[in-house]
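Novice: Each chain is listed here by its residues.
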Amino acid sequence: MKYSLSLTVNDEQYNLLVEASHTLMEVIRDGIGLTGTKCGCEDGRCGTCTVLLDGELVKSCLVLGLQAQGKSVLTIEGLGTPDHLHPLQIAFLEHGAVQCGFCTPGMLLTAKKLLDENPNPTEEDIRHTLVGNLCRCGVYTHATRAILSVARKS
Amino acid sequence: MKVVGTSPKRIDGIEKVTGAAQYTGDIVLPRMIFGKIKRSPLAHAKILSIDTRKAEQVPGVRAVITAADLPDVRLGVLTRDEYLLAHDTVRFVGEPIAAVAADTPEIAREACEQMTVEYEELPALFDPEEAIALDPPVVLHEDYEEYERLIELAEMDKRPPNLWQAYRIRHGDIDAAFHTAEAEGGFILENRYMTGYVHTTCMEPRAAVAQWGPDGTLTVWAGGQSPYIARDGLSRALGLPPSKVRVIVPFVGGAFGGKLTVHEGAIAAALAKKARRPVKVVLTREEEFTTTSARTPFIFSIKDAVSHDGVLLGRKILSIFWGGAYSGEGFLKPIFSTHLYPGSYRLPALWVDSYGVYTNRIAGGALRGYGCAESAWAVETQMDIIARTCHIDPVALRMKNLLTEGERTAITMPAHAFSAHECLTKCAEAIEWGTPSEQPGHPWYRGKGIALGNKYSFAPTAASVDVKVHEDNTYELRTSAVDLGQGAYTVLTQIVADEFGVEIERVKLVTPDTAITPFDHVAGSSRQTFHTGNATRLACADATRQMRQEAAPQLGVDPDKLDVSGGRIFVKENPARFIEVGDLFVVEMLAGKRPAAVEIFGKATWEVSASPHDPNTGQGEHPMAYMGHGAQAAEVEVNVETGQVRVLKFVSAIDVGKAMNPQGVEMQNFGGACMGIGIALHEEMCFDEKGRMTNSNLEAYKIPTIIEMPRSESMQSIIVEVPHQQGPYGAKGAGEIVVVPTSPALGNAVYDAIGVRIWDLPLTPEKIVKVWQAKQREGGSA
Chain P
1 MKYSLSLTVN
11 DEQYNLLVEA
21 SHTLMEVIRD
31 GIGLTGTKCG
41 CEDGRCGTCT
51 VLLDGELVKS
61 CLVLGLQAQG
71 KSVLTIEGLG
81 TPDHLHPLQI
91 AFLEHGAVQC
101 GFCTPGMLLT
111 AKKLLDENPN
121 PTEEDIRHTL
131 VGNLCRCGVY
141 THATRAILSV
151 ARKS
Chain V
155 MKVVGTSPKR
165 IDGIEKVTGA
175 AQYTGDIVLP
185 RMIFGKIKRS
195 PLAHAKILSI
205 DTRKAEQVPG
215 VRAVITAADL
225 PDVRLGVLTR
235 DEYLLAHDTV
245 RFVGEPIAAV
255 AADTPEIARE
265 ACEQMTVEYE
275 ELPALFDPEE
285 AIALDPPVVL
295 HEDYEEYERL
305 IELAEMDKRP
315 PNLWQAYRIR
325 HGDIDAAFHT
335 AEAEGGFILE
345 NRYMTGYVHT
355 TCMEPRAAVA
365 QWGPDGTLTV
375 WAGGQSPYIA
385 RDGLSRALGL
395 PPSKVRVIVP
405 FVGGAFGGKL
415 TVHEGAIAAA
425 LAKKARRPVK
435 VVLTREEEFT
445 TTSARTPFIF
455 SIKDAVSHDG
465 VLLGRKILSI
475 FWGGAYSGEG
485 FLKPIFSTHL
495 YPGSYRLPAL
505 WVDSYGVYTN
515 RIAGGALRGY
525 GCAESAWAVE
535 TQMDIIARTC
545 HIDPVALRMK
555 NLLTEGERTA
565 ITMPAHAFSA
575 HECLTKCAEA
585 IEWGTPSEQP
595 GHPWYRGKGI
605 ALGNKYSFAP
615 TAASVDVKVH
625 EDNTYELRTS
635 AVDLGQGAYT
645 VLTQIVADEF
655 GVEIERVKLV
665 TPDTAITPFD
675 HVAGSSRQTF
685 HTGNATRLAC
695 ADATRQMRQE
705 AAPQLGVDPD
715 KLDVSGGRIF
725 VKENPARFIE
735 VGDLFVVEML
745 AGKRPAAVEI
755 FGKATWEVSA
765 SPHDPNTGQG
775 EHPMAYMGHG
785 AQAAEVEVNV
795 ETGQVRVLKF
805 VSAIDVGKAM
815 NPQGVEMQNF
825 GGACMGIGIA
835 LHEEMCFDEK
845 GRMTNSNLEA
855 YKIPTIIEMP
865 RSESMQSIIV
875 EVPHQQGPYG
885 AKGAGEIVVV
895 PTSPALGNAV
905 YDAIGVRIWD
915 LPLTPEKIVK
925 VWQAKQREGG
935 SA
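As given, the protein sequences belong to chains P and V, one line each in that order.
Under our numbering, the first sequence has 123 at position 123, and the numbering climbs by one with no breaks.
To get our numbering, take the position in the second sequence, counting from 1, and add 154.
Simulated from the structure, these hints should not be mistaken for laboratory data.
Keep in mind it's a predicted model, so treat the numbers as computed, not measured.
Among the hints, a few may not be true.
[Said to hold, decoys possible] Using 30 Å as the maximum straight-line C-alpha spacing, the simulated DSSO-like pairs for lysine-lysine come out as follows: (1) P:K2 to P:K71; (2) V:K208 to P:K2; (3) P:K113 to V:K163.
Using the sequences provided together with the hints, build the complete structure.
Specialist: Laid out in structure tokens, this is it:
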């Protein structure tokens, strides 16, 4: 059975009918069609589906869509646009923190949350925050440098 | 202005950081439905019957297929030993038996569960050393002799029935080497090593979308390493002429050897045909682990003859590749793994027997380094032990035995662009080799380790590239070389920019699509910069030749007096005399003006032939395209109470001939270190006694997180540039050498820290505690 769901994604209002069993990740990807949120495992371990839900970091495969009722979601598509990239997006490109790109959306949103709360993180802070975002290409060193560079500029 | 040698932002970067990059799983087509695969729960069984009726009745199911819906052909690259969907036998847990397409993935999954398959369970065989026996307890492929095989095995009196690959190297007199070592005060050192059971674990699971056109043309979107290998595989599996198959490669979320074949694409296509709708198949993480490319172990027995002062006299190696149920993507590993042995050191005698065997496990596949990362574990640990046995510094010992430029190796092929000395020297300097680690105190012990490596790039191979010149001074590169994350699209674009003397923004890329882009062998074996790079240069040269030809009448000089750069075709001796690229294209055809050039379209194919692999001797003048070299060193600390290993510092010095994109090389260096640290220290696929993988999720199969990496200032990437005479601008590839020395460098560092060896990867805490405690009982100390 489908239920109605109202939520805001990247400042746009959506009214949808969703199955109770559908995760927020499925709502974002299949219901709304924003596929920048990735699915690498479906059980909360890879971090590629990370989004901000009312400002909190969540793995959207572990949240039911209906739990987002009335809430506000930020996905990678809302972080910046090609014409107005977020400083972290620029830094990730400049510092070589992007390889295959599959973990990139989740990693960028995690980094944004970190800098929102702690504009001047240490490398240790970055390591503790990014531990839930797996990357097989191994961009960790370059991502650390990218995040530190944004922190230094701000 | 030169773009090659600089590090522009990756050309596919904006899409990747904004979420616009479309991967296969992101594709949605009108009326598209979803496929799921029914898989074997048993490691070895006869299929007595498959009853699909209940599955077909599940509401929302649109198609169910079994082997009966497919052409009766076996697949496989060089040994055709595998069906797309099992016929009468299943040989590993997870083997595809049937598939369902339904309106939602959930319905398709439910329908798979509703299918009834009757099995007669057969005894399973998991141990490769049992499997290789002449009289093994189980024979996996009774029909092996009937299989189509495209490769010769080494001659033998009788083939062990589970053996699918046999290769030898014979060079010098190995018995005389052992005799000399014993007679002249040297020594013989014999050890057995095993590599781990590891998985590619791309963040993007394998996926495919298939759609049939009204004319019977099949289009498959699949994020694989080679659209042409995929096309040929689809063509064979589905009984279609190649011209009826179109493969489009969207963005790829990592591959590392794990996305060479496209079995789920063929299954999606068969479902789509029956359902008359487009079908998407996306593997779950569990399916990824249990059914896609694993780096299954090698077992190496090495016996070295060494002089008293540390000169290698001879090396004898027996290796068994623990293949799985099918030869799969590991089909060439028993051969290619042997390329490492003659690649770095002078070996007056080399004797190698290398075998691949079937067992009832997941097929052994490719994973970055294709055999050489495995053989390096054995060889470079052995070199460390030799150094310590004759009390010579491990770096000096290696230096003493290195080949020199132009010297014939133990497989005949001369060493070229031989950079091992420089890699080793720079790596040792950076890790402050010779300066002992500061000791933090019990239970932590620190140490340093170093290892050398080499990585062949296979041949024969070819790459074709097209370059279309547009009238607005834009250059369109059409390539089937795939960017898996390694940066191929950016490097090839840099080449085009330089060849036409324009900014990189003036180069447009058409990504792999077999309907449009020309043949390229594969994004594998560190080959794209080398081969596709060369093809790109040649295609650009073909285009500029045409531009000069077309401009010559307009400028009134011979074409060879002209040059092309920056959007102008100009007289070399007087650059002020020029026309613009746009002047070549007069478009007002209806006004009666004759177009000077309707189309300027450069084309080229770069091909590298090879001397054939002689399976009985391994000898050849040119059995590979090139060989790259690199050294890595690490400082670690080991907790002898918990067995934990922390990597404190990591240095990677690799020779790329010419760094086309220095930042890209650094990304490979650090990325390789990351993967290599996981493989060396903690990654391990585990199986129960029934052959079922017991840790098929990302919590239990642990790839490195950011925490396992050294801090960013403790990671060092050193670029060595010894140009290769055939490489574009002298370049060699960088993608695989970066994981070749990693495991032995870390193992040697652990030894340096606590004075004990572990012979089998990975170096888990359990093993470390065990060997440490055994050493304590024997009265040793760190």
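Novice: Of the numbered hints stated previously, which ones are contradicted by the structure, given in increasing order?
Specialist: No hint contradicted; all consistent.
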